[in-house]
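**Q** The listed protein sequences correspond, in order, to chains A and B. The first sequence finishes on residue 231 if you use our numbering, and the numbering steps up by one all the way, no holes. The second sequence finishes on residue 253 if you use our numbering, and the numbering steps up by one all the way, no holes.
Hints listed in this document are in silico derivations from the structure and should not be mistaken for laboratory results. There's no promise every hint is true.
Stated by the list, open to error - 35 Å max Cα-Cα, derived DSBU-like pairs, lysine-lysine:
hint	chain 1	residue 1	chain 2	residue 2
1	B	182	A	226
2	A	172	B	36
3	A	172	B	220
4	B	208	B	52
5	B	52	B	110
6	B	52	B	78
7	A	226	B	110
8	A	172	B	52
9	A	226	B	78
10	A	226	B	36
Stated by the list, open to error - Sample of chain B residues facing chain A (criterion: CB under 7 Å; computed from the structure):
hint	residue
11	103
12	125
13	143
14	144
15	145
16	163
17	164
18	184
19	189
20	205
21	207
22	208
23	220
24	222
Think of the CB as a built atom: it goes at the ideal place given N, C-alpha and C, for glycine as much as any other residue.
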Amino acid sequence: MNCENYQILLSEFVDGTLTAEDCARVELHLTSCPDCADARNDLRVVVDFCLEQRGQYDAIPNERAMWLRISNLIEAESSSPARSQTPREAGWWFRLMNRSWQLSFPQLAGLVGAIVLVVAVATAFSMYRLSSRTSPLVAGFVPGSNSASIDERYSQQQQTIAYWNQRVELNKARWNPQMRETFDRNMGVIDAAVTDSMKQLHQNPHDSVSEDILNDALNDKVALLKEFSDL
Amino acid sequence: MKLFSSDTRKPVTILSAVSSILIILAASSFALAQQKVSRRFPAGKNVRFELKNVTGTITVETWQRDEIMVTALMDNRKATFNPRQTDTGLVIDIVGDNRGRGDIGDMNFKIQLPVRSSVDLETRSGQINVSNIQGDLVRAHIWTSGDIRLSGVNAARVFASNTSGDIFFDGEFAAGGTYEFKSGRGTISLQLPANCGFHLVATAPVKKISMGPFWHDGMKLLSEGKRIIGDVGDGRASVTVTNYQGDIQFFRR
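Chain B on its own, in the form it takes in the complex (with noise of 0.2 Å):
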C-alpha cells in the first residue's frame, strides 16, 4: 500500500506552490513601494548639514572622506528628496520639498559626514541618532515623539529637545559652550567624563533630578528641589537641563 498517492500530493504541491508565490509577491510589492536613494557631496572639512523631515528616524554618523553621503528610505513613493548645496555644506527640507502632498509617510535618512562637522536636525516625529560629531553644533529637535541619542558628541554648542521621549547625551562639554537639554516627557540621561567643568540649571519639576557623582553641598536647591543651580569643576561650561514631567540623570563615563 502507497502511503501516498499521487492524487493526493498533487493538490498539496500545487497548494503550496501558490502559497510561496503570494508570499514572495507580497514581499517584493512591499519592497517596491520602498524607495532607496544615496547620493554622495563633495565637502570640505568643516561642513554644515541641515535636514527637516517630516517623520522617521535620523541616523548621523562620520566617516573620514571629505564627502556627505545621504542615504534615504522612503515609505511613499510620492515623496520627493532635493539636497541643497551650499557654500558651508547642505541642506535637505522635506517639509518644504513635500508641502501640498499630503500624507508622505516616513522618510529614514543615514548621513555620513566628516567628524568636523555641524549639523541642525529636525522632525515632527521619529528618533534621532547622532554619534562622534565634532563640530560647532548638534542640534536635535523633534518636535512631538521620539528619542534623541547623542553619542561620542564633542561640540561647542548641543541643543537636544522633544516632546515625549528620551535624551541620551554622552560626550564632552567645552569650555565656553552652550548645552541645553529639553523634554516634555521622557528621561534625560547625561553621560560625562569624570573631569568636566559646567555651570548647571537643571529643572524637573514633577520627578527627580539624580546628580549622581556630580552632586557637592555647593549646589543650590530651589523650590523644595525642583530645581538645582551650581557649578562642576571650573564651570566653564553652560549646561541647562529642563524636563516637564521626566527624570534628569547624571552618570560618569
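One chain only, chain A, in its complex shape (with noise of 0.2 Å):
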C-alpha cells in the first residue's frame, strides 16, 4: 500500500471508525512516513477545532428554502424600473440621466439619420455663410461698393503688382530692345484697360462690368508680370 492509500484511510483513522487491523496498519505506516504523520496531524487539528466549536454554527434548517428567498429578492431588484427610485421632486436633468435607455434597431437608425441631417444642414448653412462673406475679397472688389472701397482695394493690389514689377524690372536689362518694347506695350493696354474701367468706376460706381474688367485686368498685368519676371 502506498502514502495515497494511507492518506484515503487517514479521515477514518482519526475519527475512530477504522477496523483494527487497518488502523494497526496505518499506525506503522505512520511511524515510518513523516509525510502521511503531517498530513494525520493536520487533520486531527481540523477535526478537534470543529468538535469544539460544535454548536456555534448551527446547521440551516432548510436550505432549498433559502436559496429561493435568495433568488427572489435578485429578481426582484432586476426587473424593478429605474425611474420607480427616481424621487417625485427631482428634476428633468436628473430624470433623464438616470432614465433607461433601450433602443431597437429602427429606432437607433432613425435617431443616427436624424443626427447626420442636422449636422449636414448646419453644414451646409455654414458654409453658405463663409462663401458669401469671403467671395468678393477672393474676386478683389466687391460689387456695388463705393468708390472709395474701389480706391482701397485698388491700391491694396497695387502692392503685389509692385512686388511683381520690382522682379521684372531687375532682368529686364537683360532682354532685347525688342522683347523690352513687345512687354512695355502690351504692359500698356492692359493699364489702360484699368484706367478705362477704373474711370468708369467713379462715375458709376454700380456698374458691375467695368468692375469686373477691373478685376480681368489686374489679374491679367500680375500674371504676365509673373511669367516675365524669370526670363
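Using the hints, put the two chains back together into the complex; each one sits in its own frame.
**A** Laid out in C-alpha cells, this is it:
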C-alpha cells in the first residue's frame, strides 16, 4: 500500500472508525512516513477545532427555502424599473440621466439619420455664410461698393503688382530691345483697361461690367508680370 | 573701233563676280545661322500635345497618320529643343529647356498631329495657327502680341487669349462645351454655322459687339451695351468673349 492509499484512510483513522487491523497498519506506516504523519496531524487539528466549535454554527434548517428567498430577492431587484426609484421632486435632467435607454434597431437607425441630417444642414448653412462673406474678397472688388472702397482695394492690388514689377525690372536689362518694347506696349494695353474701368467706376460705382473688367485686367497684369519675372 | 576693249571689260567682270560671291556668302551664312530640326514621334489616336514657346510662330495642322511630326526652325543655334514623350502625347517646353541661356531668338514650329488631338499652346509673343483639330481641348495663349487663328476647330473646350492681336475662330460649338476668347486690344471674330447653339456672355467696354445674324430681341444688354448676355439656339454651349479695347464680331459661316 502506498502513501496515497494510507491518506484516504486517514479521515476514518482520526475519527476512530477504522477496523483494528487497518488501524494497526496505518499506525505502523505513520511511524515510518513523516509526510503522512504530518497530514494526520493537520487533519486532527481541523477535526478537533470543529468539535470544539460545535453548537455555535447551527446547520441551516432548510437550505432550499433559503436559496429560493435569495433568488426571489435578486429577481425583484433586477426587474424593478429605475424610474420607480426616481424621487418625485427630481428635475428633468436627473430624470433624463437616470432613464434606462433601450432602443430597437429601427429607432437607433432613425436617430442616427436625424443626427446626420442636422449636421449636414448646419454645415451647408455655415459654408454658405462663409463663402458669401469671403468670395468678394477673393474676387478683389465688392459689387456695388463705393468708390472709396474701390480705391482702397485698388491700392492693395497695387502692392502685389509693385512686388512683381520690381522683379521684372531687375531682369529687364537682359532682354533684347524687341522684347522690352513688346512687353512695355502690352503692359500699356492692360494699364489702359485698368484706367478706363477705374474712370467708369468713379462715374458709376455700381457698374458691374467695369468692376469685372478691372478685376480681369489687374489679374492679367499680375500674371504677365509673373510670367516675365523669370525671363 | 571696238565698243568694249578688253581692258575696260575685265574690271567690270571681276567686280560682278566678287559681288555675286559676297551675296551668296551672305545668304548662306544666314541660312547656316538658322537651324531646322524635324522629328517624328509615334502617337495614338487621342493625342495631347503641349508646347510652351518663347517667341515665334506656332502652326498646328492635322494629318492622317498616328504620328506627331515636329519641325522647328530656330534663329539661334544655341537654342535647345528637347521634346518629352508622355503617356498621352508630347510636351515641348522651350522656356524650361533654354532657361539661363539669354536671348534665344525666334523659334518657329510646325506641328502635324492626328485629327483627334488636344493641343495646349503658349508663347510669350508670336502667332498661333491651329487648323482642323477635333480633340477635346484647344488652348492658345499669347502673353503679349500676336494673332491667333483657329480654323476648322471642333473641340469640346477652346480657350484663346492674347494681350494685343486679333483672334479668329472658325469652327463649331459642341453641346455642353466651354469656349473662351479674350483679348486686350484687337478684333475677336467668331465665324459659326447657322445652326449653332450657345449661351453667350460677350463684354467689350470700349468698342462694339456685333452679333450679326445671331442677334435677337431676347438678348440682354448690360451697362449701356458693354455686355451682351443671351442664348443662341439651344444655348447648350457656354461661350465667353471679352475684349478690353477691341471689337467683337460674329459671322455666319
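**Q** Failing hints, ascending?
**A** Those not satisfied are hints 3, 19, 21, 22, 23.
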